[in-house]
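One-letter residues, chain by chain:
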Amino acid sequence: MSDRSSGALGSVRVLDLTDDHGAYAGRLLGMLGADVVRLEGQETGAAPLIPPIHLSELGPRSLFDEFVHAGKRSARIDLTTDMGADILRRLVGEADVLLDDGRGRAPGGWTDVNPRLVHVTITPFGHGNSPDWEPVDDLIVLGAGGLLHLGGYQDTGPMAPFGRQSHIAAGIFGAVAALAGLIEREQTGVGNAADVSAQESIAQALEDSLPAYALTGKIREPQGDEAREAGTGIYACADGYVSMVAGRLGTARAWTALVEWMNEYESTARVLLEPRWGQFSFRQSTEASETFRRIFETFAAAKSKTELYVDAQRRGIALSPVSEVDDLLANEQLRARSFFHQFDHPLLGAGVIVPGPPFRLSGTPPQTTGPAALPGSDTADVLRELGLTEEEIHSLVETELV
Amino acid sequence: MSAPLAGQRILDFCWIGAGALVTKAAAELGAEVIRIESRSHPDNLRLTPPFRPGTDGLEASGYFASRNPDKKSFALNMTHPEARRIALELAAKANIVTSNFRPGVMERWGLSYDDVRAVNPEVAYLVMPMQGSDGPHRSYIGFGATIAALGGLVSLSGEPGRIPIGTGTHYPDHVPNPGHALVGLLASIYHRQRSGRGQLVELSQLESTVNAIGPALLATSTGNRDQLQPSGNRAPGVVPRGVYRTADEAWVVIACSSDQQWESLAARLVDDGFEFDFPTGTAAQRDSRRDEIEESVARWVSKFDRAEMLGILGREAVPSGPVNTSADLLVDPRLNARGFWQIVQHPVIGEMPMFSLPFIRLPEGRPTLTRPPLLGEHTWDVASELLGMDRERYDELVAAEILY
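Chains as they are written, first to last, in this note's numbering: chain A, 176 to 577; chain B, 396 to 799.
A hint or two may mislead.
[As the list claims (entries may be wrong)] Calculated Cβ distances over 12 Å to all of chain B for the following chain A residues:
#1 Arg188
#2 Asp257
#3 Glu269
#4 Asp287
#5 Glu435
#6 Trp436
#7 Leu448
#8 Phe457
#9 Thr461
#10 Arg469
#11 Gly562
#12 Thr564
#13 Glu573
#14 Thr574
[Unchecked claim] Using 25 Å as the maximum straight-line C-alpha spacing, the simulated DMTMM-like pairs for lysine to aspartate or glutamate come out as follows:
#15 B:Lys488 - B:Glu502
#16 A:Lys478 - A:Glu435
#17 A:Lys393 - B:Glu746
#18 A:Lys393 - B:Asp451
#19 B:Lys698 - B:Asp686
#20 B:Lys488 - B:Asp510
#21 A:Lys393 - B:Asp723
#22 B:Lys698 - B:Asp643
#23 A:Lys393 - B:Asp643
#24 A:Lys478 - A:Asp400
#25 B:Lys488 - B:Asp790
#26 A:Lys393 - B:Glu454
#27 A:Lys393 - A:Asp330
#28 A:Lys478 - A:Glu441
#29 B:Lys698 - A:Asp330
#30 B:Lys488 - B:Glu796
#31 B:Lys698 - B:Glu711
#32 A:Lys393 - B:Asp700
#33 B:Lys488 - B:Glu772
#34 A:Lys393 - B:Glu644
#35 B:Lys698 - B:Asp723
#36 B:Lys488 - B:Asp785
#37 B:Lys698 - B:Asp672
#38 B:Lys488 - A:Glu361
#39 B:Lys698 - A:Glu396
#40 B:Lys488 - B:Glu787
Worth flagging that the hints you see were computed from the coordinates, not collected in a lab.
Source: prediction; values computed, not measured.
Glycine is no exception: its CB is placed at the ideal position from the N, C-alpha and C atoms.
When you get a sec, could you build the whole thing from the sequences and use the hints?
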């Protein structure tokens, strides 16, 4: 484990009782130097493991869990017993931040135990809005938050993106709420609380659809895989796809540069030099989108996505490869910045690749965290830090409370 | 009423997407955000639809408005050397300086971290270059859509064998990138409270986006690449899991994780006359008949209107919910009960709903959002109060198109 004390949150203790919806918050705080202890063993709904799933010698492991819990310690304590509840009280008493899933005390409900606590509750729909069933699947939150309706193909209906983005979003805003709480506590000297909704976290991502409805009454429908305009969209090339924005959001220069570039290699691109192609309104027509796609994909058929990327960027055109995960590992820029980290994991094996921190802080560099602790592997240490004697810890283990 | 960032002044050079959302959040947390913008080179978002029919111009964009409530606008034409001197003077009086340009722009203006630090040692200075401030691709250009593609989110999302589709939006601009930037910036502010030291916070939009698909990276090095094929709405162990069209042409989500949930749903299908040999028992058994199950559910759902369907599913305790459109979201009972939308009055746009941060802070509750600024609306206030400028000098600078 790296030295946490040099991180921006080097002295901060975080107790993590989140479920899938908020688990990423603790990872972010951990990378900033906080000591994050995940408490296992509370009652949770039997949510199926989130893929990708690794079959280890001790059974299946969710790689989502391994990612969001990386760098956290783990204690296993049976909170349904009096002794467990007492240990929880003592842990909360010592913590700066409690992240939880709303199953315990309400946000702000721990002031009798710890008046300086920053208490952040992360739930699908906000505290007190739990449905009668569980678990609340990512797909349900994406639907409720409005992002789902903007995705998918025309013939399939709404479709979720990869990676349980409602959990990532709620985790990010859980961390934002925790940091806002710590900053306020520095000024007031007393604790505070926040009630984070995953639905609202996803509803940050509605783009122009809300103002569009409010101002024009038009409901934005999913764009599907049809280009919104000639020059903006996803196009096939020799070894995959590229994504390009050379239209209205881009610059007039980008469109001109794109037409010049295509004309250097592809005779059918001559048609793009006709005056009507200079008009944005025409480029938005279905005819223009379809014609452009045909010409561009002919032009790109013998070029790799990397080749197109480098050439386009040299010409000032916002084009990127549609990277597959292996392309990311080979990405020259990410390699030059030593972005990826590796750790050894007792069940996943050696050299497990994990993304580096999403931010850099010049004075307090984020930590390269190790793997997620195996459930319960830090229980004895955590109890020792609370001041329990070796004898007490031993007897707790004997009675299977921990 | 206290607010975490009360007393923090942000000199904000962010424009367009991701950056504007960082300072929107900071404003909501109590910071005074002073946008630097100019008619000489307006924020693209000010020219971007939607517009209320009959309105146009730099003040009319609903898109711009949605990302800029609670901020002040200071008109400053940065192409002019005098404007850069004024900007540095403002930076000296700010606690935080934010920008999301390509590397080199703030440097060219004499406003690099080192320049600002020389006049303001404790400054927290946020930059959000697309691919970071160094490295061979540091000057490459892109937008939310190309960043989502470059960062791997697009290729992983869609159906096998089809053009990958991503989220259908510029998603990294809206959540991962402004969100991660906020986390980094707030951590630096907390650290400054305790140590007195400022620092440079850098958010590489690419690296931030790759974190949003973190589990996929773990899959490559653990022999689980085969699970990275796009799989639409399907997921192991949850059957059915998908979206289903209702009779009134809306969509509902159904996702049954437990055997009991599936059995409740299946019993209801049988009651409604669906002849079907329903698999019971484990998820794996349902998984092997997923197509058949999902087709039956789709046929069943298509017979009901959405409200009726959600009522039935709710009574049977089957995990489900609406696929909310923008119209649905504005009347969503949970969002409204929590005060997520706030209506502001704008002199050009009129009435407009603004979205809040996704949490309620206690004991304060949600802060009241104020309308987004007109371009240059606060130039005189800020120039006179912060820079001590007199009216004569101000008028000169306006006439010279420097405060412009």
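Results of checking the hints against the structure:
At roughly 14 Å from the closest C-beta of chain B, the C-beta of Arg188 (chain A) stays outside 12 Å, upholding its exclusion from the interface. At roughly 29 Å from the closest C-beta of chain B, the C-beta of Asp257 (chain A) stays outside 12 Å, upholding its exclusion from the interface. The claim that Glu269 (chain A) is not at the interface with chain B holds, since no C-beta of that chain comes within 12 Å of its own (minimum 19 Å). Every Cβ of chain B is farther than 12 Å from the Cβ of Asp287 (chain A); the closest lies at roughly 15 Å, confirming the non-interface assignment.
Every Cβ of chain B is farther than 12 Å from the Cβ of Glu435 (chain A); the closest lies at roughly 17 Å, confirming the non-interface assignment. Remark: the non-interface label on Trp436 (chain A) is consistent with the geometry, its nearest Cβ contact in chain B lying 15 Å away (cut-off 12 Å). In this structure Leu448 (chain A) is separated from chain B by more than 12 Å, as the shortest Cβ-Cβ distance comes to about 24 Å. The Cβ of Phe457 (chain A) sits about 18 Å from the closest Cβ of chain B, beyond the 12 Å cut-off, so the non-interface label holds.
The beta carbon of Thr461 (chain A) is kept farther than 12 Å from every beta carbon of chain B, the shortest such distance being approximately 17 Å. The Cβ of Arg469 (chain A) sits about 14 Å from the closest Cβ of chain B, beyond the 12 Å cut-off, so the non-interface label holds. Annotated as non-interface, Gly562 (chain A) keeps its C-beta farther than 12 Å from every C-beta of chain B; the closest such distance is 26 Å. At the 12 Å boundary, the C-beta of Thr564 (chain A) stays outside the reach of chain B, the nearest C-beta of that chain being 33 Å off.
Interface exclusion of Glu573 (chain A) from chain B stands, the closest Cβ pair being 34 Å apart, more than 12 Å. Every C-beta of chain B lies more than 12 Å from that of Thr574 (chain A), the closest at about 31 Å, which supports listing it as non-interface. Of the pairs offered as hints, the one joining Lys488 (chain B) and Glu502 (chain B) holds, with about 19 Å between alpha carbons and a cut-off of 25 Å not exceeded. Between the alpha carbons of Lys478 (chain A) and Glu435 (chain A) the distance comes to roughly 17 Å, so the proposed pair stays at or under 25 Å and holds.
For the proposed pair Lys393 (chain A) and Glu746 (chain B), the alpha carbon gap of about 16 Å is at most 25 Å, so the pair holds. Taken as a hint, the Lys393 (chain A) and Asp451 (chain B) pair is honoured in the structure, with Cα atoms around 18 Å apart against an allowance of 25 Å. For the suggested pair Lys698 (chain B) and Asp686 (chain B), the alpha carbons sit about 19 Å apart, so the restraint of at most 25 Å is met. In summary, the hint linking Lys488 (chain B) to Asp510 (chain B) is supported, as the alpha carbons are separated by about 14 Å, within the 25 Å threshold.
Pair hint Lys393 (chain A) plus Asp723 (chain B) holds up; C-alpha atoms about 12 Å apart against a cutoff of 25 Å. Simply put, Lys698 (chain B) and Asp643 (chain B) have alpha-carbon atoms about 9 Å apart, close enough for the 25 Å limit, and the pair holds. Annotation: proposed proximity of Lys393 (chain A) to Asp643 (chain B) holds, straight-line Cα distance about 18 Å (limit 25 Å). A distance of roughly 21 Å separates the Cα atoms of Lys478 (chain A) and Asp400 (chain A); the hinted pair therefore holds under the 25 Å criterion.
A distance of roughly 22 Å separates the Cα atoms of Lys488 (chain B) and Asp790 (chain B); the hinted pair therefore holds under the 25 Å criterion. Restraint check: the Cα-Cα separation between Lys393 (chain A) and Glu454 (chain B) comes to about 21 Å, which is no more than 25 Å; the hinted pair holds. Under the criterion of a C-alpha separation no larger than 25 Å, the hint pairing Lys393 (chain A) with Asp330 (chain A) is consistent with the structure, at around 21 Å. Our distance criterion of 25 Å between C-alpha atoms is met by Lys478 (chain A) and Glu441 (chain A), whose separation comes to about 12 Å.
Taken as a hint, the Lys698 (chain B) and Asp330 (chain A) pair is honoured in the structure, with Cα atoms around 19 Å apart against an allowance of 25 Å. Between Lys488 (chain B) and Glu796 (chain B) the alpha-carbon distance is near 23 Å, which keeps this suggested pair within the 25 Å criterion. A distance of roughly 17 Å separates the Cα atoms of Lys698 (chain B) and Glu711 (chain B); the hinted pair therefore holds under the 25 Å criterion. Taking the CA atoms of Lys393 (chain A) and Asp700 (chain B), the gap is near 21 Å; set against the 25 Å cutoff, the hint holds.
For the hint pairing Lys488 (chain B) with Glu772 (chain B), the CA-to-CA distance comes to about 19 Å; that is within 25 Å, so the pair holds. A C-alpha spacing of about 16 Å is found between Lys393 (chain A) and Glu644 (chain B), which places the hinted pair at or below 25 Å, so the restraint holds. Between Lys698 (chain B) and Asp723 (chain B), the direct Cα distance comes to roughly 21 Å. Compliance with the 25 Å bound is thereby established for this hinted pair. For a cut-off of 25 Å, the pair hint linking Lys488 (chain B) to Asp785 (chain B) stands: about 18 Å separates their Cα positions.
Simply put, Lys698 (chain B) and Asp672 (chain B) have alpha-carbon atoms about 20 Å apart, close enough for the 25 Å limit, and the pair holds. This hinted pair checks out: Lys488 (chain B) and Glu361 (chain A) have alpha carbons roughly 22 Å apart, not beyond 25 Å. At roughly 23 Å between alpha-carbon atoms, Lys698 (chain B) and Glu396 (chain A) fall within 25 Å of each other, so this suggested pair holds. This hinted pair checks out: Lys488 (chain B) and Glu787 (chain B) have alpha carbons roughly 22 Å apart, not beyond 25 Å.
Hint compliance for this structure: every hint is met.
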